[in-house]
Amino acid sequence: MKLTGTYRCPAPRARVYAALIDPVVLQRCIEGAEQLVRTAGDEYDVRMRIGIGAVKGVFSGTVRLADMQAPEAFTLHVEGKGAPGFVSGSARIRLDDAEPGTAITCDADGQVGGVLAAVGSRLVDAAGRRMMDRFFERLGREFDPPTTS
Amino acid sequence: MSTAPFNYTRPKTLDEALALLTAHGGNAKLLAGGHSLIPAMKLRLAQPKMLLDITRLEALRRIEERDGRLVIGALATHAEIAANRTVASRCPLLAEVAASIGDLQVRNRGTIGGSIVHADPAADWPAAILALDAELEIAGRMRRRMEAAGDFFMDIFETSVEPDEILCEIRVPVPAGPGAYVKTAQKASGFALCGVAAVVDAKARRVRVAVTGVAAVPYRATGVEEALAGKPLTAETIAAAARHAAADITPLGDIHASAEYRAHLAEVNTTLALQRAAAR
Amino acid sequence: MGVPVRIHVNGALHQHDVEPRVLLVEYLRDVCGLTGTHVGCESSLCGACTVLIDGQAVKSCTIFAVQAEGRAVTTIEGLAQEGRLHPVQEAFWERHALQCGYCTPGMIMTAVQLLKDHPQPTRAEIAHGLKGNLCRCTGYTHIIDAVEHAAGSRQGAA
Amino acid sequence: MSTTTGEKIGYVGRAMKRVEDPRLVKGIATYVDDLRLPGMLHAVFVRSPHAHARVKRIRTDAARAAGGVVGVFTGAEVNAQCGTIPCASSFPDLKSPKHTVLAGDRAYFVGHPVAVVVAATPYAAADAAELVDVDYEPLPVVTDPEKALEAGSPLTHPDLGTNAAFTWNLTGGDIDAAFAKADRVIRQRMYHQRLTPMPIEPRGCVASYQPGEGTLTLWTSTQIPHLIRTLLPGMIGIAENKLRVVAPEVGGGFGAKLNLYAEEALCSHLAMRLGAPVKWIEGRRENAAATIHGRDQVGDYEVAVSKDGRILGLRNRTIADLGSYLQLLTPAIPTLTGLVVTGAYKIPAVRMDVVGVYTNKMSTDAYRGAGRPEATYLIERLVDLVAAELGLDPVEVRRRNFPAPEEFPFNTATGLTFDSGNYEGALRKAQQLARWDELVARRTSRRRAGALFGIGVSTYVEICAMGPSKAMAAGGWEWGCVRIEISGKVTVITGVTPHGQGQETTFAQIVADRLGVPIEDIVVLHGDTSVAHYGRDTYGSRGTAVCGSAIVMCVDRILEKARRLAAALLDARPEQVEFADGAFAVKGSGGKRLGWTELAGEAYIAKNLPRGFEPGLEASAFFEPENFTFPFGTHICAVEVNRDTGDVTIVQYVAVDDCGNQINPLLVEGQVQGGIAHSIGQALFERTVYDEHGQLLTGEFMDYPMPRAEDIPDYVLGSTVTPSPVNPLGVKGVGEAGTIGATPAIANAVMDALRPLGVTHLDLPLAPEKLWRAIRQGHKE
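Protein chains in written order, with numbering that gives the first Met the number 0: chain A, 0 to 148; chain B, 0 to 279; chain C, 0 to 157; chain D, 0 to 780.
These aren't lab readings, by the way, just hints derived from the structure by calculation. Predicted, not measured: the structure shown is a model, and the values here were computed from it. Fair warning: there could be bad hints in the mix.
With beta-carbon atoms standing in for the labels, derived distance ranges [what the hints assert, rightly or not]: (1) C:116 with D:444: 36 to 46 Å; (2) A:42 with C:5: 34 to 44 Å; (3) A:63 with B:147: 41 to 51 Å; (4) D:75 with B:82: 54 to 64 Å; (5) B:145 with A:63: 47 to 57 Å; (6) C:53 with D:713: 34 to 44 Å; (7) B:139 with C:53: 26 to 36 Å.
Ideal Cβ placement from N, Cα and C applies to all residues, glycine included.
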C-alpha cells in the first residue's frame, strides 16, 4: 500500500517540525492513540484503538523516528500488531515553506497482514488514506488560534 | 469459525433500543440483517460486547406513502422493497436497486437501513438514496432529526448517525422521475465496483446522478448533472456529460479494479443509466 | 451463558438454552443433530448453509440461533414428506444435478423458494436465482436442468 | 431405476441416475464435519500472518489458562514426534526443506501453522487461539519466482542456499536441427496464473485412538486414504496395520485433497498423545491460505515451423513457482506439463527446461488437470500464433499436425505412447455441431457491425488413468474386490476413493451387467482402509479406467469359479456350462438353471462342494495398467467482447470429448460440464493474488471469484468413441478433460476477438480490465 499526500499547516516550518516529533502532539494527532511512551531516544511504544465501521482492533507496537533532518524531513517507522493482524510501514515526511505556513508531503508505504489483509484488501488503502488525512487535519488544528469562549 | 462471546437482547420498542444503546455506550451494536456485521464478527474483526437485535421492531419495517414521500422503514429487507407494489408504482428505481443486491438469500435478510448505516463504499443503496434526494429520519433518546442523504455519508464506513442513534426511515419524494441503476459487480463478492443511479426530472429539465463503489464515499456526480442541466437528453449530450462522472473524486483501486478502470466504469455506467432512465 | 430458545425445526418444537454466539447452522447441526445443512465459508457467499425460515431462504451461517426464536425452520431433512422425496430433490437426482453433494442441500433449499416465487422460471431466471449458491463440481448446467424439470413436474402434478 | 428380472439388463452405456444420490439429496450423508465422538476435542490452528518471519517467542500461558483448553502446542513440542510431510517425487538434485507439521523457528508463508490449541469446544479453542501471542521478526520475502533466481535475491529457505528446488529437462528429437531448418520461429512468453482449488467443503479430520487395541482411526476429507495409510505411520510412529484411514463423504477435491497435510498428521499425533478424539475443521480463510494452490508457471516458448504450418520443434524454459514447501506431488506437476507439451500434434523435436522455485507462498500441487492444462494452454495458444503469423487458418494448422488414426499407437518426442486416437474425427464432429461455416459467417457479420467477435478452437489430448507403476512414485495399480454374499447380493469394494465422480454407480453398472444381476442388488464400498484394504485412490482420471479394470478381473475370476461349482452341481464339465442372464445351465439342455442365490448358498454353506473347492464366492485383484490412456477432443468457443468494458460473453460453446467407451454418458456429461466451468473461471477471472509482501489478497470467497450459475453458457456437447486398448473396458477417463480442453478454446476465442485491434496475446485471466486496456491500446495504435 503506497499513499502520498500533501497537506498545509498554518505555522512556520520549524514549529511544525517540532510538533511532528513531539510525542505529546503525535498522540493527540494519531486517531485512537491511547498511549505513546518513549522507550529509547526516538522510539516509542504505542497503543492504538482503530475503528473503521464495525471493524475494531487494538494494536500495540512501536513508532520510531529516523533520518531526521530538522526542519526539513524525517522518516516515521511504525510497527504494530493486534488481533486483526499487523500493520507495518514507514512514511517519509518532508516539510517545505509555503507562505504563510508549511507544506507537508508524506510518502507512505505500508503493509497490512493477517485477517485484515486477507479480507480487507479493498478497504485498506481507503482506510489508510483516511487515517493519514485525519492525522494532518488534527495536526493543522494544533496551530489554530485559540478559540475564545 | 466462531465469534467472540457477547450478550444478546431483543428490545421490544425503539425507545428501549435507544435506551440500551445509550446504556452500553460503545460496547453495544445494533443487529439487523447481519450480513456485514456477522461475517466481521466471525473473523473477530468486530467484537461487540452486546448485540441489540432490532429485527422485530415492526414499526421500522413499514413501507408506505405519506405526505408526498415514499417512506421505507430502515428494517425493510431488500426482498420486501423489491417486491413492494407501492415501491414499484411510485419509485421503481428503489425496486431495481433492491433486486440487484447480493443474492436471493441475502435479500431475504439484509435491510436497507443496515446497509446504509454500515456505509460500505461499495454498497448499492447509497447511490439510489443520493440520486433520489432522500431524507433520513434518525432517532436519538432526546430527539428525532432529519438528515439529507447528501449530508449522511461522511467517510468510509462512517455516517452521520451517532453511536447512540438509530436510523428509522428513509423518505423519498414521489413520484420520482424515471430512474435506472447500472452496476458492474465485483465478480467474487457481488459488491459494486461501480454502481450508478440516475434519475431524470423531465419537468425541471435536470438529472440527478449518484455513484457508489468508485470512491471511498458515495457521491453525487454534480459535474454530470450540471452538464445536462436544461439540456435535452440525447446520446451526444449524455455521452459528453458522462465524462464528468468521476471528476473531483479520488477513485479507489484494488486487485479487482484499478482506480483508472473504476473511473472509466463510472463514465460507462453513467451513460447507460441516463440512457435507460431517459427511455423510461 | 445460555439464552432460552424455542424454534420449530421441520415441524418439531426444539427448546434449548444456547449461547448467543451459536449460529443457526451450528444449532441445527450440533444441537438438533441435523447435519444436512453444510458450512462452506464464513462470508455468506457459498450458500451451502441455506435453510428456510418461515418459508424464506436464508444463509444459516449468518444468523444467530437466538434470532430464530419462535420461527419455523425447514432444513433439507424436512423436505421429504412421508418418505417421498420433494419434487426438487427428485429432480436433482433425476438430472444428475450433484456430484460431491456438499452444496446440494443449500442449492435445493434455494431452488425451493425460487420455484415458490417463480413457478415457471426461465433458465436465466433459475441461474439468477441460484446466484447465492456456489457449486464447484457440476458446472451448474445440470442443476438448472433439474430446477426446470422440477418446475415441469410440479406443473404436471398440479 | 427399476429393472424387472429376466429383461435383458444392459446397464453399461446407459445414462443412469446415480445410486449414491438419495442420501445426498436428503442431507443424511456423512461428511467429516458431521462426525461426533464421545469426548471429542477440537483443534484450532494459530497461523503466521507473515510470509517470512523468525518466530522469536510464542507465549501460550494465557491460552493454556483459558476455559475449556486441554492443551496448546508449538513446534518445539510436537515437531520431533511428527516427522516431516512427505513428497512422493524425487529428482537427483532436488533440494527440499524440512517440512515439519508446525513452524519451527521460522514461518515461511502466510497461513503457516505455528501453534495449535486443543479445547473441549470449537468456541473455546477459537477463543484461546486469540490469546496465543507470537513474536515475529519479519524477514525478506520472496514472491517473484523469476527474481528469486537472480543473484542476491533473498532466500525463501536460507539454509538451502538457493531458491531453485530443482532443474529438470526433457529432450526428444534433434531440436537444434528443427530450429535451423525452420522457415519461421514464433516466440511467446506466457504466464499461467496461480489458482485456488476451493472445493466447497474445506478440509477437516477427526482422529481417534483406541488405547486397548493400540489402533488409530483417522477420518479425513481426502482423495487418498490409502496413500495416507502408507505415509502417515512413519511420521507419527504407528504400525501401518494399526492405522485405519477413512474418507467419509468428501465434498469435492479437485486435487486439493490429494495430499497428506500437516493438520492430519498433527491431529493424529494429538489424539494419541491426549487419549481423546481430536477434530479439526478448516475455515475457508485457512483453506485459501494453507491448502495447495495450482498452476503458477511462467515460460518463454519458441516454436519452429515450416511455412506450410508444420511444427518442427518446440523449445521452452518454464519457471514453476512451487511455493515454500514440497507437498506430495509439487515437483511432479511442471514435469507432467513437459511430458504432454506437444499436445495433439506430431512435433518431432522438443526441448523443455523446467526450474522449480521456492517462494514464500503456499505450495502448488495437483489442481484439476495438474500440469496438463498448462501444457495444453501453451501449445494451443502457440498453434494460433503460428496460424496468425503464417496467415493460415488455425484449424487447418491443427489438422496438418495431427497424427493420423492409423499412426496409433503414436510415439511422441517426449517419450509417451498415445494409446489410440482419431483427432481429426473429433475436430470434424465439433465443427459440425458448431455449424462451423455459419459461425464463421456470423463472425464476419458481427465484425462488420463493429463488434469484437472471436472464435477459438482447442484440440487437446491429455494423459489419464494414472498409471503404470513404473511411472508412478507409489505404484499405479489398482485394487478391487467383488463378493457374492451368501444371500446372493453383491458387494463390490474399490481401492479408489470417489468423491463426486459417481463410481458407486458406474462400478455397479459394470458388475451388474457382467454378473447378470439387478443393480439394486449391488453395493459399492470405498474410502475406508479397513474395508478397502488396498488402493491407490482417486486422482488423474484413473478411477474407472484402472479400478474398473480390476473389478472386471474380479468378476472374471468369480465367473470362472462359479462355473466350476455350477458344473459340479449340474453334473457336467465346466466347459459344458454356459452363463447367461445371471444363471448357469448346461448348454442346450434347457434344464436346470443355477442363479447366484443358489450358487452363493452352496458356496458358503459348503455341504455339496466338489473336492478341493474352496468355499466362498469372492475374488480380489490388482490391475496393473500397461500404459496411460490419452483422451482427446475438440472444444470450440465463440465470444463477444464488450468494447466499453472488456466484459466477455460466451455466445457459443461446443465440446466433443473422446474418453473411450462410456459406462454412463450422463456422468461423463457431468464431468465435462464441471471441468469446463473450472476453465471458464481460469480463462476469464480466477487468480490467486499475493502482494509483494507475500500477503494473500484472495483469502476468502469475497475476493476469489469463481463461476456462478449465471456465468455458464448453454453448451452443445458431443463425443466420439475411440476405445483404449490398454484396459479391458476400453475407457480412458474424463475427470479433467473439461478443465484441460476448454481454457485454451476460451482464451483463443478472446484473442481472436481482439485480433483486428492488433492484440496477439494476453495472459490469463482475461478479466475485463485487462481486455479494456488492450482494446484502448489497440484503438490508439
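Hint check:
1. C:116 with D:444: 36 to 46 Å: 39 Å, holds
2. A:42 with C:5: 34 to 44 Å: 58 Å, violated
3. A:63 with B:147: 41 to 51 Å: Holds, since residue 63 (chain A) and residue 147 (chain B) (Cβ atoms, about 45 Å apart) stay within the stated range.
4. D:75 with B:82: 54 to 64 Å: Holds, at about 59 Å.
5. B:145 with A:63: 47 to 57 Å: The hinted range 47 to 57 Å holds for residue 145 (chain B) and residue 63 (chain A), with Cβ atoms some 48 Å apart.
6. C:53 with D:713: 34 to 44 Å: At roughly 35 Å between Cβ atoms, residue 713 (chain D) and residue 53 (chain C) fall inside 34 to 44 Å, so the hint holds.
7. B:139 with C:53: 26 to 36 Å: At 32 Å between Cβs, range holds.
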